[in-house]
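S.K.: Here are the chains, one letter per residue:
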Amino acid sequence: MSAVADTHAQEHHHGPASGISRWLLTTNHKDIGTMYLIFSFTMFLLGGTMAMVIRAELFQPGLQIVQPEFFNQMTTMHGLIMVFGAVMPAFVGLANWMVPLMIGAPDMALPRMNNWSFWLLPCAFLILVSTLFMEGGAPNFGWTFYAPLSTTYGPPSTTFFIFAIHIMGVSSIMGAINVIATILNMRAPGMTMMKMPMFVWTWLITAFLLIAVMPVLAGVVTMMLMDINFGTSFFNAAGGGDPVLFQHVFWFFGHPEVYIMILPAFGAISHIIPAFSRKKLFGYASMVYAVGAIALLSFLVWAHHMFTVGVPVAGQLFFMYATLLIAVPTGVKVFNWVATMFRGSLSFETPMLFAIAFVILFTIGGFSGLMLAIAPADFQYHDTYFVVAHFHYVLVPGAIFGIFASAYFWLPKWTGHMYDETLAKTHFWLSFIGMNLAFFPMHFLGLAGMPRRIPDYALQFADFNMVSSVGAFMFGSTQLLFLLIVVKCVRGGEKAPAKPWEGAEGLEWTVPSPAPYHTFSTPPVVK
Amino acid sequence: MRVHAQRAGALFGGLSFPALSVADWTVNMTPGVTGTSNDIFDLHMTIFWICVAIGVVVFGIMFWSIFAHRKSQGAKPANFHENTLVEILWTLIPLVILVIMAIPATATLIDMYDTTESDIDIKVTGYQWKWQYEYINEDFGYFSNLATPSDQISNRQAKGENYLLEVDNPMVIPVGKKIRFLLTANDVIHSWWVPDFGVKKDAIPGFINEAWTRVDKPGTYRGQCTELCGKDHGFMPVVVKAVSEEDYNTWVNQQIAMAEKERELTQKDWTMEELLERGEKAYATACAACHQADGSGVPPAFPALRGSAVATGDIAAHIDIVVNGKPGTAMQAFGGQLNEADLAAIITYERNAWGNKVGDMVTPKEIFDYKNAQ
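Taken in sequence, the protein lines are chains A and B. Here the first sequence is numbered in this note's numbering, starting from 76 and rising by one per residue. Here the second sequence is numbered in this note's numbering, starting from 28 and rising by one per residue.
Treat the hints with care, as some may be off.
[Stated by the list, open to error] Restraint ranges, calculated between C-beta atoms of paired labels, are given here:
1) K308(B) x Q142(A): 21 to 27 Å
2) E300(B) x Q142(A): 54 to 60 Å
3) D141(B) x F374(A): 26 to 32 Å
4) T57(B) x G390(A): 47 to 53 Å
5) S323(B) x C198(A): 34 to 40 Å
6) L207(A) x S323(B): 41 to 47 Å
7) G340(B) x F208(A): 44 to 50 Å
8) E300(B) x F208(A): 30 to 36 Å
9) T124(A) x T57(B): 48 to 54 Å
10) E272(B) x G314(A): 39 to 45 Å
11) C198(A) x S335(B): 17 to 23 Å
12) V565(A) x L122(B): 45 to 51 Å
13) L207(A) x E272(B): 51 to 57 Å
For the record, the hints were derived by calculation from the structure and aren't laboratory data. Each residue gets a CB set at the ideal place from its N, CA and C atoms; glycine is no exception.
Using the sequences and the hints given, assemble the complete structure.
M.R.: Dropping the structure here:
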């Protein structure tokens, strides 16, 4: 497009195009953000439905509802869909909506690529979900797809799974490039790096993590592809390959990946707690350094997922020490949030409730993480329900509650209406109780010796499994309430002012609610 | 409060499902019966109480803020937002705690890795979905399969006390001796775990991992495979019997004698009926997990044998696939896993069961010759 036409377009700001082409062809960061969020919630319900199948089968000992083959497909697909379909796209959606608004930019730096990186996702997940209907079924080797179970012994659909992972990776990398380009180039005049909102900081670091590790994931699935279809032996011991190599490469991706799923939530929580404490975030600079330290350390700890594979003792010690070290910057963040609340003026609207639950429950997940880091003790915890409890405590109240807190916090800005506070608080309390009922007993199950990824179990595990299933059904069904609340909020409700929260700060609250289709065509000046 | 709710739930659950009355409400790790497992238990409790202490302080301050600094109570926000001294302190104090924690953990880890000077070596091989135990100093070995009847799993029969944690042939070890385990796998990665010993190690194809234990208390100890290894991952338990040294020696002599008897079976003259009878049992143990008891399989991963081209076709091809497996698929080479009598019995059974009325048979001797000719 020529410069002249460009200027012309700038002068005539129209609203969105009408009909389906608005969504297919849009380059608007708000539209794309909305699509990411809708996609993510759809995947959340789909992955959640699979979790319900898992918990229904585990309600009682014995095989009742599904056979082990299908059970393994459910655990695998649940993990893949939640990680790549629900949590990651939700954060990209939040970044799309909020990063330009927070830094005073008119849009993302690369709007056409933005459109493409979104539309790749439905394609990838269409392929992934279609494997359920293929002969031999969907991937059944766990979301960690360890070779040789996933290569020599994998179902025929594994190749489709690899293709889907590749497309998701391309989408994530493009999304990350876009975030970095936007943040580094399009900040409003006067907004230096150390004045950036925390959500922008955490997303910048997350984006670098994504660019660093998604190619590693692409590499490992490509090696699988070669092993399966072209007769190579990267991971096949019989051909001179190394099954443990798979785990090293996978977890070199996998560990930074867990921070990719939590850092943006750290950022959002760092806005919500000060807003409802009516007090500035404590220790902004140390928060930034802590996120940077966590991100760097995340590259040095991958083998703590592999303490039982026979890593030599020196390696074992290195990875144990490095993992323990992560507790330090993570602790700094938690202390800072608590210090922000301390002597504030607190009120407890739904975003704050989710944020407080985030801090408490994420810390509990951090504690179990600390326990898992003790290598000798990990020999007892590894691959038991204790691990399942641990990562669900960091991912559900961590990532998912972080997303809910963000959604309630910014819904008035997105829709122009206040959400129904009573329903939202009901959503919070039911989620909180359901989540703890579902996942807390899993600690006990793991310590009592129940391995993960089993469709049936010994009788001493029966009672806590039943409790856990009841909690899971409660948590799962409660999420439909969130759908209702959002639909209600989009369609109407009390009009939201530009800044609906008394203590909130940032450029996003200087534009009207709902945010106009185009914002900050003229950059604001940050002092 | 949550604990009470769970207990109430337990009571309700316990009353309404009498079958589950053996279940318990264990909330913690058990200390186990070895030095290692006790060391681990101590580490576990230390780090747990450290976490509790940190939790009490952090959550205490947080709840204090929630109660005392509410806007509805008229709290006015303070203005501070940094304090270098406090920030340095809460970076350094956790660091010191971690160093204190790392010292005993390092000592335990180094001890766990010391597999030297063992009295007995046992090679543990993981298969989909069973364990093989080979006593390499004594020259015998055997497979250990799940013993829970499938009727219990599919709820057609009441579940026994050791449901899913019982095997046909447990590992037997003497008390008071240092046992070294050499772990590997034949197909995918498995993980051999006995919680009471504090031993968990992955069994990886192409690798040999080492672990060790010394059990002082005789008893039966139960564990499970802890690495997802396919369909029946949840159905390959580990059972170890620790017995006195005399009992162990008696058992070893029995095993050696039995191994000799198995070898004699190959030379015996077998009738079709004897083969079919033995074949049905051996098939149930070695084949039914994939190909199903009625030969219907779970296609496409595990093809049906009923009416299949292999089971009803040329017998040489049938022997080949059972003895040598089919590379690139889940079909293992059973030539090294089963004795000649079982191989012959299974092949004969497959050719004459479920309406596969081929009518021919193969004898253990023929299998023996076939294997030697390769």
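S.K.: Output the numbers, in ascending order, of every earlier hint that fails for this structure.
M.R.: 2, 4, 6, 7, 8, 9, 11
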